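Chains as they are written, first to last, in the numbering used here: chain S, 6 to 118; chain X, 16 to 132.
Don't take each hint at face value.
[What the hints assert, rightly or not] Per the computed footprint, the stretches of chain X lying under chain S, defined by three or more beta-carbons under 8 Å from a beta-carbon of chain S, are:
#1 57–67
#2 120–132
[To be verified] Result set (EDC-like, lysine to aspartate or glutamate): computed pairs, CA atoms no more than 16 Å apart in a straight line:
#3 S:22 to S:89
#4 S:105 to X:37
#5 X:35 to X:80
#6 S:60 to S:72
#7 X:81 to X:102
#8 X:70 to X:80
#9 X:29 to X:120
#10 X:56 to S:72
#11 X:35 to X:120
#12 X:56 to S:44
#13 S:64 to S:44
#14 X:56 to S:10
#15 S:105 to X:120
Simulated from the structure, these hints should not be mistaken for lab results.
These figures come from a predicted structure and were not determined experimentally.
Backbone N, C-alpha and C define an ideal beta-carbon position, used for all residues, glycine too.
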Amino acid sequence: SQKIEQNSEALNIQEGKTATLTCNYTNYSPAYLQWYRQDPGRGPVFLLLIRENEKEKRKERLKVTFDTTLKQSLFHITASQPADSATYLCALVPSYNTDKLIFGTGTRLQVFP
Amino acid sequence: GAVVSQHPSRVICKSGTSVKIECRSLDFQATTMFWYRQFPKQSLMLMATSNEGSKATYEQGVEKDKFLINHASLTLSTLTVTSAHPEDSSFYICSAKTSLGLWNEQFFGPGTRLTVL
């Protein structure tokens with residue numbers, strides 16, 4: 006069956022450290038993958054997109070990697086801050102001929118001072 | 016830019032009544048809008064995709080007669096939950112996609128919390 010899995014357990018890290026979140030997928034060959042941030046009671050906010058032919062993408066303190074062999078994407082936040090505390094969702098577009106986003110379950114990140 | 020609004024943000028209704036949720040793209044024209052549902056501590060589940068002026072495409076397991084979607088203009092889509100029951104209580108989120116800008120980027124609304132008593 007098709008699955009997108011993120012670590013359901015919360016990730017707790019100290020301010021200033023690098024947070025690394027994992028997204029694994031099964032039985033998909035995604036055209037590209039996106040990462041979103043969601044705060045409680047709010048809609049997701051787009052962060053980064055990476056295409057299947059890209060290995061890495063960066064935006065300020067954020068970095069995303071995409072390994073289509075391992076079927077995995079890693080999302081890194083460097084120099085993390087308490088304001089980065091939120092739930093982070095990965096979402097993939099399963100093919101080039103669709104607009105659908107299939108979301109993972111999300112990982113809650115808690116950055117403490 | 017690329018702001019999507021939803022109204023209302025919260026709604027409480029009695030079982031058996033219908034509730035309409037609006038989704039608007041405020042500063043762009045949305046060729047496609049999407050409706051998602053999110054239960055507590057779960058991910059967003061796509062319910063349907065709507066294109067302006069045509070019928071919505073529903074995901075498997077979503078009752079089209081219960082969740083009526085109207086995409087009457089390039090800036091407005093509505094979701095009507097008909098004959099709502101307590102199990103329909105959820106967080107409903109819309110998103111909008113434009114043909115311009117980043118390829119396939121979706122802009123999400125702030126969500127509507129529906130509670131059916």
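The hints, checked one at a time:
1. Look at the segment 57–67 of chain X against chain S: 6 of its residues bring a Cβ nearer than 8 Å to a Cβ of that chain, three or more, so the hint holds.
2. Counting residues of the segment 120–132 of chain X whose beta carbon lies closer than 8 Å to any beta carbon of chain S gives 8, which reaches the threshold of three, so the coverage claim holds.
3. With a C-alpha separation of about 12 Å, the suggested pair residue 22 (chain S) and residue 89 (chain S) falls inside the 16 Å cut-off, and the hint holds.
4. For a cut-off of 16 Å, the pair hint linking residue 105 (chain S) to residue 37 (chain X) is broken: about 20 Å separates their Cα positions.
5. Between residue 35 (chain X) and residue 80 (chain X) the alpha-carbon distance is near 14 Å, which keeps this suggested pair within the 16 Å criterion.
6. Among the hinted pairs, residue 60 (chain S) with residue 72 (chain S) is consistent with the structure: their alpha-carbon atoms are about 7 Å apart, no more than 16 Å.
7. Between residue 81 (chain X) and residue 102 (chain X) the alpha-carbon distance is near 13 Å, which keeps this suggested pair within the 16 Å criterion.
8. Taken as a hint, the residue 70 (chain X) and residue 80 (chain X) pair is honoured in the structure, with Cα atoms around 12 Å apart against an allowance of 16 Å.
9. Taking the CA atoms of residue 29 (chain X) and residue 120 (chain X), the gap is near 36 Å; set against the 16 Å cutoff, the hint is violated.
10. Taking the CA atoms of residue 56 (chain X) and residue 72 (chain S), the gap is near 27 Å; set against the 16 Å cutoff, the hint is violated.
11. The suggested pairing of residue 35 (chain X) with residue 120 (chain X) is violated, with an alpha-carbon distance near 26 Å, which exceeds 16 Å.
12. At most 16 Å may separate the alpha-carbon atoms for a hinted pair to count; residue 56 (chain X) and residue 44 (chain S) meet this at roughly 12 Å.
13. As the CA atoms of residue 64 (chain S) and residue 44 (chain S) are separated by approximately 20 Å, the hinted pair breaks the 16 Å bound.
14. A distance of roughly 14 Å separates the Cα atoms of residue 56 (chain X) and residue 10 (chain S); the hinted pair therefore holds under the 16 Å criterion.
15. Taking the CA atoms of residue 105 (chain S) and residue 120 (chain X), the gap is near 11 Å; set against the 16 Å cutoff, the hint holds.
In summary, the structure is inconsistent with hints 4, 9, 10, 11, 13 from the numbered list given earlier, while agreeing with the others.
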